[in-house]
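For the protein sequence lines, the chains are A and B, in the order given.
For what it's worth, numbering that gives the first Met the number 0 labels the leading residue of the first sequence as 0, then goes sequentially.
For what it's worth, numbering that gives the first Met the number 0 labels the leading residue of the second sequence as 0, then goes sequentially.
Hints are computed from structural coordinates only; laboratory data are not their basis.
Any given hint could be a false lead.
Unchecked claim - Only pairs whose alpha carbons sit at most 25 Å apart, straight line, appear in this in silico DSS-like list of lysine-lysine:
1) K196(B) - K39(A)
2) K169(A) - K204(B)
3) K106(A) - K1(A)
Unchecked claim - Pulled from the structure, derived: some chain A residues nowhere near chain B, Cβ distances all over 10 Å:
4) N22
5) S32
6) K39
7) K55
8) T99
9) V124
10) F152
11) Y178
12) K186
13) N219
14) Q226
15) R227
16) K229
17) K253
18) L291
19) L332
It should be emphasised that the depicted structure is a prediction, and the values quoted were computed from it without experimental measurement.
Just so you know, even glycine gets a beta-carbon here, dropped at the ideal spot from N, CA and C.
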Amino acid sequence: MKDMYILGIESSCDETSVSIVKNGTEEVATVISSQIDIHKDYGGVVPEIASRHHVKNITIVLEECLNQANMSMNDIDAIAITYGPGLIGSLLIGLEAAKTLSFIYNKPLIPVHHIAGHIYANSLVKELNFPLLALVVSGGHTEIIEMTKHYQFNKLGGTLDDAIGECYDKVARVINLEYPGGPKLDKMAVIGNKTYKLPIPLKDESYNFSFSGLKSAVINLAHNEEQRGKELNKEDLAASFQSVAIESIIAKVKKAIVDKNIKNVIVAGGVAANNGLRQAMKELTEELHVELSIPPMKYCTDNATMIAAAGYYAYLDGRRADLTLNSKSQDKLI
Amino acid sequence: MRILYIDTSSSYLYAGIVENERLLCEVKKEFGHSLSEEALPEISKLFTQSNLAPKDIEKIIVVDGPGSFTGIRIGITIAKVYAWSLNIPITSISALEAMNISNTSQTIRVPIIDARRGYVFGAAYSVDNQVIVEPCHIKLTDLLAKLSTNEYTVITNDEFEIENNIEAYEPNILKIVSYYKNKKSMNPHLVNPKYLKLTEAEENKLL
Numbered sequence: 000m001k002d003m004y005i006l007g008i009e010s011s012c013d014e015t016s017v018s019i020v021k022n023g024t025e026e027v028a029t030v031i032s033s034q035i036d037i038h039k040d041y042g043g044v045v046p047e048i049a050s051r052h053h054v055k056n057i058t059i060v061l062e063e064c065l066n067q068a069n070m071s072m073n074d075i076d077a078i079a080i081t082y083g084p085g086l087i088g089s090l091l092i093g094l095e096a097a098k099t100l101s102f103i104y105n106k107p108l109i110p111v112h113h114i115a116g117h118i119y120a121n122s123l124v125k126e127l128n129f130p131l132l133a134l135v136v137s138g139g140h141t142e143i144i145e146m147t148k149h150y151q152f153n154k155l156g157g158t159l160d161d162a163i164g165e166c167y168d169k170v171a172r173v174i175n176l177e178y179p180g181g182p183k184l185d186k187m188a189v190i191g192n193k194t195y196k197l198p199i200p201l202k203d204e205s206y207n208f209s210f211s212g213l214k215s216a217v218i219n220l221a222h223n224e225e226q227r228g229k230e231l232n233k234e235d236l237a238a239s240f241q242s243v244a245i246e247s248i249i250a251k252v253k254k255a256i257v258d259k260n261i262k263n264v265i266v267a268g269g270v271a272a273n274n275g276l277r278q279a280m281k282e283l284t285e286e287l288h289v290e291l292s293i294p295p296m297k298y299c300t301d302n303a304t305m306i307a308a309a310g311y312y313a314y315l316d317g318r319r320a321d322l323t324l325n326s327k328s329q330d331k332l333i
Numbered sequence: 000m001r002i003l004y005i006d007t008s009s010s011y012l013y014a015g016i017v018e019n020e021r022l023l024c025e026v027k028k029e030f031g032h033s034l035s036e037e038a039l040p041e042i043s044k045l046f047t048q049s050n051l052a053p054k055d056i057e058k059i060i061v062v063d064g065p066g067s068f069t070g071i072r073i074g075i076t077i078a079k080v081y082a083w084s085l086n087i088p089i090t091s092i093s094a095l096e097a098m099n100i101s102n103t104s105q106t107i108r109v110p111i112i113d114a115r116r117g118y119v120f121g122a123a124y125s126v127d128n129q130v131i132v133e134p135c136h137i138k139l140t141d142l143l144a145k146l147s148t149n150e151y152t153v154i155t156n157d158e159f160e161i162e163n164n165i166e167a168y169e170p171n172i173l174k175i176v177s178y179y180k181n182k183k184s185m186n187p188h189l190v191n192p193k194y195l196k197l198t199e200a201e202e203n204k205l206l
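From just these sequences and the hints, can you work out the full model?
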């Protein structure tokens with residue numbers, strides 16, 4: 000088969016990104032325009048502001064990516080687009096850009112689910128080995144997905160309320176860490192000791208998670224300590240929180256690996272950068288003798304490289320969209 | 000010269016292709032929430048109807064606001080990606096300018112769009128299309144107070160309680176394109192929405 004170059008576009012949250020990937024595995028060029036410094040002033044992503052920046056950035060990012068690849072649109076075989084889930088106003092910019100290019104150049108349009116992108120970030124590093132278990136952890140997602148072959152997703156479980164990354168950011172706010180506080184909390188946890196007692200969330204036989212109870216427990220704890228006039232040990236709180244949060248994830252992943260006879264475990268999404276989680280996953284997979292893949296940091300956060308990579312496998316699976324494709328803020332991965 | 004016109008700033012899609020002072024085809028359709036789903040399919044139909052290819056367009060005129068924030072972004076994204084990728088000259092105009100040019104009344108013309116909470120996006124133009132009040136986000140009463148006469152026509156498709164002459168906006172795409180066809184082209188990267196209003200988060204920060 001002839002080489003296939005896919006142009007991926009991702010704009011589901013606060014990153015405008017365009018990438019060109021060859022045959023689903025080889026990154027040719029990627030450009031990411033991040034708005035993190037803009038939203039920092041507001042303590043989180045403001046959807047309308049994010050949308051306003053996407054529309055300003057989109058053609059600049061497209062041009063920069065093609066320039067870096069030294070390619071023109073005529074060299075592109077298909078366009079892969081994140082259609083959802085995410086912030087609807089943000090998604091729409093990437094979507095309209097992708098549809099316009101598909102219309103003008105008469106190239107196939109491939110709809111890609113954002114989570115499929117996070118999973119396929121791993122195919123840029125090494126071949127996926129089935130049956131596979133993907134743990135997707137980010138500011139918007141906490142999901143366990145089983146895959147028995149390419150582009151076949153079976154969601155085993157997910158969070159019933161807050162996503163893990165969201166919970167990290169909210170707990171970080173309790174101890175006055177600047178947004179995004181999750182990664183800072185992870186660093187503090189290394190220094191602290193597990194002295195505070197917090198409940199392990201959702202200890203049951205399902206593959207689901209729940210983090211809102213844990214978040215409330217941290218808020219109450221901070222409040223109670225303050226009322227008693229005691230100073231909160233932030234490092235210890237970080238360590239206590241992290242230990243419980245990760246323990247709950249590991250328990251569910253362990254159950255899924257055993258139940259589904261998994262060969263390869265993938266960690267994907269922004270929280271895959273968390274040191275505590277990486278260490279715990281390493282120990283678990285060694286204990287159970289399964290292969291562990293964690294993509295390099297640059298593929299963990301939102302990027303179009305993973306969308307172009309997933310787009311290749313979606314293309315092989317026969318997935319196509321026409322110009323009526325719409326963005327979806329919520330959509331099941333199937 | 001073949002010109003593509005796109006306006007998605009309201010709940011309607013207005014688009015058309017004009018060739019040498021002749022309207023080849025147009026679409027005027029109310030969409031509401033499915034604008035993102037139907038805008039490009041409708042625009043692509045214009046090309047089928049006129050038997051043209053995307054590269055046959057020699058200039059794009061796009062409405063850059065004011066109006067629905069999401070709506071404006073849809074039209075602007077389509078137009079700027081189109082112009083950038085095929086290197087086609089592009090220029091943008093205000094929805095209020097389009098409303099003014101389409102109207103034929105022989106008075107001062109005051110196009111307005113409801114911006115809620117007593118505010119409008121509005122402007123005022125003389126009979127010979129000179130700007131009296133630049134497009135702005137303003138209280139309707141303040142806008143009308145800026146006019147030194149009671150002789151004016153309000154142009155709108157929104158509901159307002161005004162005693163003066165009100166006329167509905169019915170875009171005349173041929174007239175709009177003919178009037179703005181020679182407007183200076185812009186770098187497509189710099190064709191961006193003109194919301195005329197900060198986001199709520201930015202406004203609250205300024206308080």
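Hint-by-hint comparison with the structure:
1. K196(B) - K39(A): Holds, because 21 Å separates the two Cα atoms, which is no more than 25 Å.
2. K169(A) - K204(B): Roughly 21 Å separates the two Cα atoms, so the pair holds.
3. K106(A) - K1(A): Satisfied, since the Cα-Cα distance of roughly 16 Å is no more than 25 Å.
4. N22: holds, 24 Å
5. S32: Non-interface label on S32(A) holds, nearest chain B Cβ at 12 Å vs cutoff 10 Å.
6. K39: holds, 12 Å
7. K55: violated, 5 Å
8. T99: Incorrect as stated: the minimum Cβ-Cβ distance to chain B is 4 Å, not above 10 Å.
9. V124: About 31 Å separates V124(A) from the closest Cβ of chain B, which puts it past 10 Å; holds.
10. F152: holds, 25 Å
11. Y178: holds, 13 Å
12. K186: Holds, since 29 Å exceeds 10 Å.
13. N219: Since the minimum Cβ distance to chain B is about 28 Å, N219(A) lies beyond 10 Å and the statement holds.
14. Q226: Holds, since 30 Å exceeds 10 Å.
15. R227: holds, 34 Å
16. K229: holds, 34 Å
17. K253: Holds, because the least Cβ-Cβ distance between K253(A) and chain B comes to about 42 Å, which exceeds 10 Å.
18. L291: holds, 40 Å
19. L332: About 21 Å separates L332(A) from the closest Cβ of chain B, which puts it past 10 Å; holds.
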